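*Asks:* Here the protein sequences line up with chains S and D, keeping their order.
Our numbering numbers the first residue of the first sequence as 1 and each following residue consecutively.
Our numbering numbers the first residue of the second sequence as 1 and each following residue consecutively.
This list has only true hints and no planted wrong ones.
With a cut-off of at most 30 Å between alpha-carbon atoms, the simulated DSSO-like pairs for lysine-lysine come out as follows:
id	chain 1	residue 1	chain 2	residue 2
1	S	387	D	124
2	D	80	S	380
3	S	318	D	201
4	D	176	S	380
5	D	188	S	182
6	S	32	D	80
7	D	210	S	183
8	D	176	S	45
9	S	318	D	210
10	D	213	S	121
11	S	183	D	213
12	D	213	S	318
13	S	163	D	213
14	D	151	S	380
15	S	378	D	201
16	D	54	S	26
17	S	378	D	151
18	S	454	D	201
19	D	188	S	45
20	S	387	D	149
21	S	372	D	80
22	D	210	S	182
23	S	163	S	340
24	D	176	S	32
25	D	148	S	372
26	S	163	D	201
27	D	176	S	26
28	S	454	D	148
29	D	176	D	188
30	S	380	D	148
31	S	182	D	201
32	D	210	S	163
33	S	202	D	176
34	S	182	D	213
Worth flagging that the hints you see were computed from the coordinates, not collected in a lab.
Computed from a predicted structure; not experimentally measured.
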Amino acid sequence: MAAYILSKAGLKVCLLEAGPDYDPAKNSSQLKNAWESPRRGASTKFRPFGDFDGCFWGWEIDGEPYTHANNTKWEWWRARMVGGRTNHWGRISLRFGPRDFKRKSIDGLGEDWPISYDDIKPFYDRVEALIGVFGTNEGLPNDPDGVFLPPPKPRLHELMIKKSAQSLNIPVIPSRLSILTKKINDDRGVCFYCAQCNRSCKVYGDFSSSSVLVKPALATGNMDLYTNAMVREVMTNAEGKATGVSYIHKDDLQEYQVEGRVVILAASACESARLLLNSKSSIHSNGLANSSDVVGKYLHDSTGMALGGVIPEFFNRKRYNEDGVGGMHVYTPWWLDNKKLDFPRGYHIEYWGGFDQPAYGMGMNIENLNGKFQVNGKTKEAGGYGKSLKEDIRFFYGSSVGMAGRGEGIARRDSYCEIDPEVVDKYGIPVLRFNTSWSDYEIKQAKHMQETFKEIMHQMGAVITWGGDNGPENNYGLSNPGNIIHEAGTVRMGNDPKNFALNKWSQAHDCKNVFCVDGGQFTSQADKNITLTILALSMRASEYIIDQMKKQEL
Amino acid sequence: MDRRKSLKTIAIGTVSASLIMDACKTEPKKDAPQKEAANTDSADRMAEEIAYNKELASMHFFTEDEMATIHILSDIIIPKDEISGSATEAGVPAFIDFIVNDMPEHQIPLRGGLRWLDIECLNKYNAAFKECTPAQQIEIVDMIAYPKKAKPEMEQGVAFFNRMRNLTATGFFTSKIGVQDIGYAGNKPNQWNGVPDDVLKQYNLAYTEKELKECIQFDKA
Numbered sequence: 001m002a003a004y005i006l007s008k009a010g011l012k013v014c015l016l017e018a019g020p021d022y023d024p025a026k027n028s029s030q031l032k033n034a035w036e037s038p039r040r041g042a043s044t045k046f047r048p049f050g051d052f053d054g055c056f057w058g059w060e061i062d063g064e065p066y067t068h069a070n071n072t073k074w075e076w077w078r079a080r081m082v083g084g085r086t087n088h089w090g091r092i093s094l095r096f097g098p099r100d101f102k103r104k105s106i107d108g109l110g111e112d113w114p115i116s117y118d119d120i121k122p123f124y125d126r127v128e129a130l131i132g133v134f135g136t137n138e139g140l141p142n143d144p145d146g147v148f149l150p151p152p153k154p155r156l157h158e159l160m161i162k163k164s165a166q167s168l169n170i171p172v173i174p175s176r177l178s179i180l181t182k183k184i185n186d187d188r189g190v191c192f193y194c195a196q197c198n199r200s201c202k203v204y205g206d207f208s209s210s211s212v213l214v215k216p217a218l219a220t221g222n223m224d225l226y227t228n229a230m231v232r233e234v235m236t237n238a239e240g241k242a243t244g245v246s247y248i249h250k251d252d253l254q255e256y257q258v259e260g261r262v263v264i265l266a267a268s269a270c271e272s273a274r275l276l277l278n279s280k281s282s283i284h285s286n287g288l289a290n291s292s293d294v295v296g297k298y299l300h301d302s303t304g305m306a307l308g309g310v311i312p313e314f315f316n317r318k319r320y321n322e323d324g325v326g327g328m329h330v331y332t333p334w335w336l337d338n339k340k341l342d343f344p345r346g347y348h349i350e351y352w353g354g355f356d357q358p359a360y361g362m363g364m365n366i367e368n369l370n371g372k373f374q375v376n377g378k379t380k381e382a383g384g385y386g387k388s389l390k391e392d393i394r395f396f397y398g399s400s401v402g403m404a405g406r407g408e409g410i411a412r413r414d415s416y417c418e419i420d421p422e423v424v425d426k427y428g429i430p431v432l433r434f435n436t437s438w439s440d441y442e443i444k445q446a447k448h449m450q451e452t453f454k455e456i457m458h459q460m461g462a463v464i465t466w467g468g469d470n471g472p473e474n475n476y477g478l479s480n481p482g483n484i485i486h487e488a489g490t491v492r493m494g495n496d497p498k499n500f501a502l503n504k505w506s507q508a509h510d511c512k513n514v515f516c517v518d519g520g521q522f523t524s525q526a527d528k529n530i531t532l533t534i535l536a537l538s539m540r541a542s543e544y545i546i547d548q549m550k551k552q553e554l
Numbered sequence: 001m002d003r004r005k006s007l008k009t010i011a012i013g014t015v016s017a018s019l020i021m022d023a024c025k026t027e028p029k030k031d032a033p034q035k036e037a038a039n040t041d042s043a044d045r046m047a048e049e050i051a052y053n054k055e056l057a058s059m060h061f062f063t064e065d066e067m068a069t070i071h072i073l074s075d076i077i078i079p080k081d082e083i084s085g086s087a088t089e090a091g092v093p094a095f096i097d098f099i100v101n102d103m104p105e106h107q108i109p110l111r112g113g114l115r116w117l118d119i120e121c122l123n124k125y126n127a128a129f130k131e132c133t134p135a136q137q138i139e140i141v142d143m144i145a146y147p148k149k150a151k152p153e154m155e156q157g158v159a160f161f162n163r164m165r166n167l168t169a170t171g172f173f174t175s176k177i178g179v180q181d182i183g184y185a186g187n188k189p190n191q192w193n194g195v196p197d198d199v200l201k202q203y204n205l206a207y208t209e210k211e212l213k214e215c216i217q218f219d220k221a
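Chain D with its partners taken away, still in its complex shape (with noise of 0.2 Å):
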């Protein structure tokens, strides 16, 4: 296909990509209530860090169609299963949204990546990524997820999917139900008492008299 026809179609692609946000509209307001949380309970925050914050907040680095393929992918990466929700339902797009204003080292590379991405589509399927089929967006995203057998040329691809996968995955497992379906027990008041009897078991490890008599105790509940 004709490099040159491929963007003009891209330039297209703009207009039905704004339909996609609307239908995507209900998304970021899930992540309201988070980022409502973080703002009000400032009391731990230094005065030039609140400063900072809300300023990052009203910023937007990508474009309405950047977005709504970040959507896409992003749901590619963690998709719903049998233990938990998907990257959309845990606010990773407007996770994601945040952090490149806050690392502005990911800009480029995504921002990048995205139109590569695209690009490539256009040369396989003649449409951007977020207007092909499911099975060509596999297809495409097979190429450039797995760095030891991908192909040379798919390098640029490789880099940007690693990154996209890593603040995926990253922003999905520290929101709230990322952090319950990696089975976190932790964060809350509780008296250590050491490793339950049936793990010390597993692993063949016991404690000393020793430690049992130098360590403080709790009675088992």
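Looking at chain S on its own, in the form it has when it is part of the complex (with noise of 0.2 Å):
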């Protein structure tokens, strides 16, 4: 975003990018079939959430480790690729609301933002205006109304989702994600409702960096990208001051070095953080932006737990193509009271189901479920083969249900990353070690989250196959810190120099020419995915910059 903003103001930028240029309409595995796959579809090391997905690489990268003590279990997912992982996320576009920039002082864990609702709302409208976004105005007080295009209309599984939550009071409304319903400008295609935006989009209908902003930054004339260029350090003058990036192109594997009037940070929070801690010098001995000490800490991943099953009223369903959008189109918002509930935060719950295209996986594990029914009105043994086998698997497709929970952990001191003192990468940049663990807050969270899950699934007919027994033994099923992919708080804003790395413009205390627009400027995480709000705040600080260099501040 970042990019966009100052290459179209007429400002000439930088864009380096760790690994190779990535360009959906020509990239995307969009519209193969499982056989057009070895692996039908299969994980790799390359593709861990299977061999279509639009992601290049995950949670592991050959040669470039990273580090735990105490086995501790952070899951660091990292892309390289133009566009990282704005390629495949789930395009769920949420903004914060008003009581989500000022937690603390509603429930005294954590820190306020040194922003509010209102200083961020215009950008909001404005990201969504210009990635398109698709959603309905429901008045709610924290999950705010926005410019928002047509949703689709709910999938079979999803109207029976919304039958039996409703009846239990929870509500369940359309999503909101980037994806284009309606032509909005003559450089995105439409979305023809395929399900696959996992894979990113040929014809640009759904939000990724790499399509809708890298792209026509390109197109300014004013933007140079260098792609498999891997950022070693920030480099800064004898005041203090940075001058710009030293890098290793991945190709020659020679060392370079860029420079500019200002360095802007947009590498994942980690990964952020990772290079200020790595700038070190006399100046700024504790690592760049880090006189406060707190670059690597609070970093904090939403939760998540899930569960699913089949809904036997769905057996042998009639067949036809319910793809739809890539993702659920719809979802259910936070929607208690925390101060009633053992837990300080909420989180909202996305659901699946139905017609998935078959992929590695399906048919799999059938001795599980065709024991358990009858089958065409016939009671069988669990397991068998042959025709019955064939008949058994065409029955159960297209029953299945599943639900998750993403919520609001508490971003803590305790809980961070910090630079490994003895292990480097194969370029010989110092690795991350993680040293994460998630509170009785997000556990409380997760239990709470697999009771409200088996009601609704009891509520509809549903079974629960798998996800539903979980205890203390594994936190009620709470998925690893990082798993979730929603990193965040490592260089986190705040008007104190003395505890916060960043300004309220996503700036630098320390070192004004230094700025970071990714989820490392995070405060709090909210219930909501991150995405949006850093497109906003990404924006915001790119204004401000150019704000600042007409007024020869920067």
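With the hints as a guide, bring both chains together as one complex.
*Replies:* In structure tokens, the structure reads:
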């Protein structure tokens, strides 16, 4: 977003990317069939979310390790490609609400943001108009109305979920995804309902920064894109001002430097923290922008817990194309009052089910299903083979349903990443060591998720086949930190330079020509996916940079 | 039957197995066009993946004997019926041949399971599985295909058969003929206009006025 805003404003921009170039129009796996993958769409280390997923790399990258202290479990997803994770993300585009910026004032935990909803609202409006988001204005107090395109109608299982959840007083409303249900400009096509946003879209019918931001930025002629450029550190001069960055070019393994008036980090919360911590100098002896010693601290991810099963009423369903958009057509925003609960922050619920495109895993584990239900009126022994097996797999197809909670955890100083004193990656760059944990708050929240999901499943007559029997021994199914891939908080913003790395303009307190515009700047996370807010903050910071340059302050 | 003798028989068995393989040699060719299609359109692959896939495609874990047994088993698990073809017609053995290199965790359980099956057959029928009569093959499969009613001494066989069933079923229902069989109707440009009216009626569901007003609508064809 920063590259887009600055290059559109006529400034000269150099965009550095650690991976290769990527254009969804040319490089997406969209509309491929399962049999066009030799592993039938199964995952690999290159594509942990499946062979057609639009993200290069994931939990591991060859030659680029990260480490853990004390058997802790942070899972770090890293993309290496132009557009990064936005090529495959869920497109869930939720505004933070007024309460989300002032959580400490409400429950005494964490910190308030140095900005309020009113400060960011105009940027949400503009980001939504620029990228295209569908949804509905519901007038909810902490899930603000927006600039929305029309949403798609709910699918069959979504109607069933809605009916059941609403009878339990759990709201279900149209989802809010950055997918074009209507044309918004001549550069992008409209969604054609293949349900494959995770592969990235060849017609740019959904938002990826590669197609919607980088491409137009390049078209201004003001931006140079350097790919396979692995940034080593931010360089500073004798006065402590940033002068540019140094990087290693992965193709020739030579070291290069780029100079600039302003350095903007958007490498992901942890990677940006790593860069700052690795940018030590006599003036910035604790790492750049880190006199407060908070860089890398307060690392937190969304909470996650999921379960699923089958809806017997849907066995032997009539077949039709129900692909829809990539992801859910309805969701549940947080609906309860935490003052009446034993955990302080909320969660939203995501749903899925129905006729998925067959991929590796299709038809597996039938022995856990076919003995439990009559198949076309016949009671069968679990397992089996032959014509009877084919009948069973057809019979159950399309009856699955699942749901997942995505909640807000509390950012804590003692849950963090730091530079591992001993380990470097293959480029010689010191790597991150993670030391993160959940507190009781998140565990109690996961427990509440499981209870809620079970009620919804029960209400719609569904039978839980996985994820329903978690207990204290596994934190009630709470995912490992990092697993939900909403890393945030490592370069947090706040007014006090002693306690925060950035000011309210995403600008380093210690070094005014350094900015961080990714999830690192988040003071707290909210129960909303963070991308839309990253885009809005990045747009806001970029316009501040333009303003400050005009005033000769930068 | 003497176990030592049966092991000897297995060693002899390899000769005739290669004959069976000859008879089956047309099978892998059926997969060839699919594999090529996947390999030629690589604009969506990064360089590291192309090299990795190429390496995997050149590897073959199973012996000819083992592949012959996999052919027979996969067609027992997914035979031709009124709706669609069999596992071998869908290229399942070639898929299994590939996937065990991509997911090495399948290798030992499958190799060991195939050997377990042959030993059981030698003890019971005095022949390796692939040389048993079709009736004998079904008899032994029946002993390991139903996890809940299988005898305790058959548990290793059950675990093996579960894995074979999983891989065969998934290989079949992700092939072109399997996807057609299951009736997946998507993966093509479409205009999602909501659940068809007759389906809504069947499940006693309906869109609300609010949804009909707010959601994207397309003219019904």
